[in-house]
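There are 2 protein chains.
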Amino acid sequence: MNTAESKLVEYFAARGKLSPAKFPIGIGDDMAQVKLSGKSSALITTDILLDGVHFDSKKARPEQIGYKAMLCSLSDCAAMATVPIGAVVSVALPRDFGPGKLKKLHSGILKAAKQYDCDLIGGDMARWSGRLVVNVAMMSRPGRTKPVRRDTAKVDDIVCVTGALGGSIIRRHLGFQPRIKEALLIAKAGANAMIDISDGLSTDLNHICRMSKKGAVIEAEKIPISKDAKKSKNPLDSALNDGEDFELLFTIPKKKFESLKRRWCFKVKLTAVGKITRESLVKIKRPDGKTVKLIPGGYDHLRVNSKS
Amino acid sequence: MNTAESKLVEYFAARGKLSPAKFPIGIGDDMAQVKLSGKSSALITTDILLDGVHFDSKKARPEQIGYKAMLCSLSDCAAMATVPIGAVVSVALPRDFGPGKLKKLHSGILKAAKQYDCDLIGGDMARWSGRLVVNVAMMSRPGRTKPVRRDTAKVDDIVCVTGALGGSIIRRHLGFQPRIKEALLIAKAGANAMIDISDGLSTDLNHICRMSKKGAVIEAEKIPISKDAKKSKNPLDSALNDGEDFELLFTIPKKKFESLKRRWCFKVKLTAVGKITRESLVKIKRPDGKTVKLIPGGYDHLRVNSKS
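Quick note, the sequences are listed as chains A and B, same order.
If you're matching positions, the first sequence starts at 1 in the working numbering and goes up one per residue.
If you're matching positions, the second sequence starts at 309 in the working numbering and goes up one per residue.
In isolation and in its complexed conformation, chain A is listed as follows (with noise of 0.2 Å):
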């Protein structure tokens, strides 16, 4: 999200007021809450995925795109630590989009139901003369903490991101894992803050500072650079910049972080990059020793997207 898309969600949150009690959680964050009768809530989130922005249907299988798609939305679950529960799936079909492939399509989706437990459920397709739409619409219930948000950053906490960060368009953009068991442990462990990498750290730090009104200042020599990213020219902007990480960034309290590198019990590293501050300021201490401003850059060829 740019900055020109980031004030418009601003004015979207600030023109439709809600009612906390309805939804605690509403516009701007990686979903909303929706509380329903009792003490039961749910939580819903939309992203769209198109051709020749999200993939690519001239190099990636339909296979692929279907199952990436439900990937994007499932992060988004994780996101706020919450258990994905079921999707509905749009489709805008081109029309040389036939059956067959719709079939593939349809099996990517189901592959990543199945491996993720959240069934598909519902849907809706037209076609037309333009290109490939994919637009899952996902439904979570919070786990045993209440989701996680963007909004409630700690002066003092600990900045952490899952896995490694970067080059994420070589390979991973098509088959990363959203990381939904991780989340519910972080949450568990007491994190104040969370988010999932899709544009970048470098704008998801941002995005999490903004909302929380604080700062942050990371190191870069922390920052956990994946393989692809190393082969890049510039390793540690591809891994700040480049976007569809899809891993977690998150906050949390020193002690809080302490006791979850014990417990955790994941195959993905777990590494702390730097702190929130009271400073409204978003920082990165170069290898050169220097601490210079962290500029939103996640806004890159792959992705020009805007959550809200």
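Calculated from the structure, these hints are not laboratory results.
For clarity, every value in this text was computed on a predicted model and none was experimentally measured.
From the three backbone atoms N, C-alpha and C, an ideal C-beta is built for every residue, glycine too.
Fair warning: there could be bad hints in the mix.
Pairs of lysine-lysine residues, derived as DSS-like cross-links and limited to a Cα-Cα distance of at most 27 Å, are as follows [unchecked claim]:
1) B:LYS601 with B:LYS535
2) A:LYS254 with A:LYS290
3) A:LYS35 with B:LYS489
4) A:LYS114 with B:LYS347
5) B:LYS330 with A:LYS104
6) A:LYS111 with B:LYS330
7) B:LYS422 with A:LYS39
8) B:LYS315 with A:LYS101
9) A:LYS114 with B:LYS330
10) A:LYS146 with B:LYS575
11) A:LYS35 with B:LYS347
12) B:LYS535 with A:LYS17
13) B:LYS583 with A:LYS39
14) A:LYS103 with B:LYS575
15) A:LYS39 with B:LYS454
16) A:LYS231 with A:LYS269
17) A:LYS35 with B:LYS422
18) A:LYS103 with B:LYS330
19) A:LYS17 with B:LYS411
20) A:LYS35 with B:LYS521
21) B:LYS411 with A:LYS7
22) B:LYS521 with A:LYS103
23) B:LYS330 with A:LYS22
24) A:LYS17 with B:LYS489
25) B:LYS419 with A:LYS22
26) B:LYS412 with A:LYS17
27) A:LYS290 with A:LYS154
28) B:LYS343 with A:LYS114
29) B:LYS601 with A:LYS22
With beta-carbon atoms standing in for the labels, derived distance ranges [said to hold, decoys possible]:
30) B:TYR319 with A:LYS222: 35 to 41 Å
31) B:LYS366 with A:ASN234: 43 to 49 Å
32) A:LYS59 with B:LYS575: 41 to 47 Å
33) B:GLY360 with A:LYS255: 54 to 60 Å
34) A:ASP56 with B:GLY597: 58 to 64 Å
35) B:LYS412 with A:LYS222: 43 to 49 Å
Partial list, derived from the structure: chain A residues whose beta carbon lies under 7 Å from chain B [to be verified]:
36) PHE12
37) PHE23
38) LEU36
39) SER40
40) ALA42
Starting from the structure of chain A, add chain B where the hints point.
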């Protein structure tokens, strides 16, 4: 939904077997129903609207497009006799669709949200070189009755419609009225099956009958034909097949229909057009007195849509 697409939806429903305990209503109805903790449940629907198919961005203003997108999903809530809660909206934006137009689209969404007490709670947007796409995913909750399904019509039920049919493309398709309150009363009166007429009476009656494993006979002379359809070359054909009426089509035992008529307090007309039969054939008694098969023909120039 044409026959090929209808078969695809059946293929999808068969491949993705759902647990009825978790999902009392799954693929194939207007909305899916999700059981949550306690006695609570929510319903969800998704509708994709495409430039050149469901609206023409050269003729319709952005407000009208946003408004219509919400109305379509609201009509799904009505079709199940449920109460809308909130919507998430995804948009794919053409390069020349600037912030001004987007704000107008948003104001159309908010207008419908206010009118039908269904808040906009989240969304996603992405820019691309294609045409405008608007996808609405909407959540609702059951009213005082269970949601009314498509597949539960009973032999000897009266077949009824609200409003007048046909010619929607001339004016109504951008500003119709989802029959939410009407649907709640119809459900309370004891309707057995219901659908909203999006693909035309002929097609949607065939949906109800096929899914309920029943047949029907309707009388051409009883079908309420809209003023706009009356101006067309073949008003009856228009009323049967145009689609996008977004009126309710429901089936109800005779006695309950009589009681419903007495309690009817809405401006919109209520008309009995025929009866559900045991024999799995959908027929129409023509004005010339001859009874013939009613072929699904609501597959029009405007909408090539396939709700699943």
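Status of each hint after checking the structure:
1. Under the criterion of a C-alpha separation no larger than 27 Å, the hint pairing B:LYS601 with B:LYS535 is consistent with the structure, at around 26 Å.
2. For the hint pairing A:LYS254 with A:LYS290, the CA-to-CA distance comes to about 24 Å; that is within 27 Å, so the pair holds.
3. A threshold of 27 Å between alpha carbons decides the hint, and for A:LYS35 with B:LYS489 the separation of about 22 Å falls inside it, so the pair holds.
4. For the given pair, A:LYS114 sits about 26 Å from B:LYS347 by alpha-carbon distance, which is consistent with the 27 Å threshold.
5. Only pairs whose Cα atoms come within 27 Å are accepted, and B:LYS330 paired with A:LYS104 is accepted, the gap being roughly 26 Å.
6. Only pairs whose Cα atoms come within 27 Å are accepted, and A:LYS111 paired with B:LYS330 is accepted, the gap being roughly 19 Å.
7. Restraint check for B:LYS422 and A:LYS39: satisfied, since their Cα atoms lie roughly 26 Å apart, inside the 27 Å limit.
8. Among the hinted pairs, B:LYS315 with A:LYS101 is consistent with the structure: their alpha-carbon atoms are about 15 Å apart, no more than 27 Å.
9. Proximity of A:LYS114 to B:LYS330 is assessed by CA-CA distance (about 15 Å); at most 27 Å being required, the pair is judged to hold.
10. For a cut-off of 27 Å, the pair hint linking A:LYS146 to B:LYS575 is broken: about 45 Å separates their Cα positions.
11. Note on A:LYS35 and B:LYS347: the hinted pairing holds, with a Cα-Cα distance of about 14 Å set against a maximum of 27 Å.
12. The suggested pairing of B:LYS535 with A:LYS17 is violated, with an alpha-carbon distance near 39 Å, which exceeds 27 Å.
13. Between the alpha carbons of B:LYS583 and A:LYS39 the distance comes to roughly 43 Å, so the proposed pair goes past 27 Å and is violated.
14. Using a Cα cut-off of 27 Å, the hinted pair A:LYS103 and B:LYS575 is violated, with the two alpha carbons roughly 45 Å apart.
15. This hinted pair checks out: A:LYS39 and B:LYS454 have alpha carbons roughly 20 Å apart, not beyond 27 Å.
16. With a C-alpha separation of about 20 Å, the suggested pair A:LYS231 and A:LYS269 falls inside the 27 Å cut-off, and the hint holds.
17. For the hint linking A:LYS35 to B:LYS422, the alpha-carbon distance of about 19 Å falls within 27 Å, and the restraint holds.
18. For the given pair, A:LYS103 sits about 25 Å from B:LYS330 by alpha-carbon distance, which is consistent with the 27 Å threshold.
19. A C-alpha spacing of about 16 Å is found between A:LYS17 and B:LYS411, which places the hinted pair at or below 27 Å, so the restraint holds.
20. Of the supplied pair hints, the one linking A:LYS35 and B:LYS521 is violated, its CA atoms being roughly 37 Å apart against a limit of 27 Å.
21. For the given pair, B:LYS411 sits about 12 Å from A:LYS7 by alpha-carbon distance, which is consistent with the 27 Å threshold.
22. Taken as a hint, the B:LYS521 and A:LYS103 pair is honoured in the structure, with Cα atoms around 26 Å apart against an allowance of 27 Å.
23. About 23 Å separates the Cα atoms of B:LYS330 and A:LYS22, which keeps this hinted pair within 27 Å; it holds.
24. Distance restraint check for A:LYS17 and B:LYS489: the Cα-Cα separation of roughly 24 Å lies within the 27 Å cut-off, and the hinted pair is therefore satisfied.
25. For a cut-off of 27 Å, the pair hint linking B:LYS419 to A:LYS22 stands: about 19 Å separates their Cα positions.
26. A C-alpha spacing of about 17 Å is found between B:LYS412 and A:LYS17, which places the hinted pair at or below 27 Å, so the restraint holds.
27. Restraint check: the Cα-Cα separation between A:LYS290 and A:LYS154 comes to about 25 Å, which is no more than 27 Å; the hinted pair holds.
28. Straight-line distance between C-alpha atoms of B:LYS343 and A:LYS114 comes to about 19 Å, which keeps the hinted pair within the 27 Å bound.
29. Simply put, B:LYS601 and A:LYS22 have alpha-carbon atoms about 49 Å apart, too far for the 27 Å limit, and the pair is violated.
30. Between B:TYR319 and A:LYS222 the beta carbon distance is about 50 Å. The supplied range of 35 to 41 Å is therefore violated.
31. Separated by about 44 Å at the C-beta atoms, B:LYS366 and A:ASN234 satisfy the suggested range of 43 to 49 Å.
32. Roughly 55 Å separates the CB atoms of A:LYS59 and B:LYS575, a value that falls outside the hinted 41 to 47 Å.
33. Under the hint 54 to 60 Å, the C-beta atoms of B:GLY360 and A:LYS255, about 58 Å apart, fit the expected range.
34. As the Cβ distance of A:ASP56 to B:GLY597 is approximately 59 Å, the hint placing it in 58 to 64 Å holds.
35. Distance hint check: the CB atoms of B:LYS412 and A:LYS222 are about 45 Å apart, consistent with the given range 43 to 49 Å.
36. With its C-beta approaching chain B no nearer than about 6 Å, A:PHE12 sits inside the 7 Å limit, and its interface hint holds.
37. With its C-beta approaching chain B no nearer than about 6 Å, A:PHE23 sits inside the 7 Å limit, and its interface hint holds.
38. The interface hint given for A:LEU36 holds, since its Cβ lies 5 Å from the closest Cβ of chain B, which is under the 7 Å cut-off.
39. Using the Cβ-Cβ criterion of 7 Å, the hint placing A:SER40 at the interface with chain B is satisfied: the shortest such distance is roughly 4 Å.
40. For A:ALA42, the interface hint holds, the least distance from its beta-carbon to any beta-carbon of chain B being 5 Å, beneath 7 Å.
Consistency with the previously given hints fails for numbers 10, 12, 13, 14, 20, 29, 30 and 32, ordered from lowest to highest.
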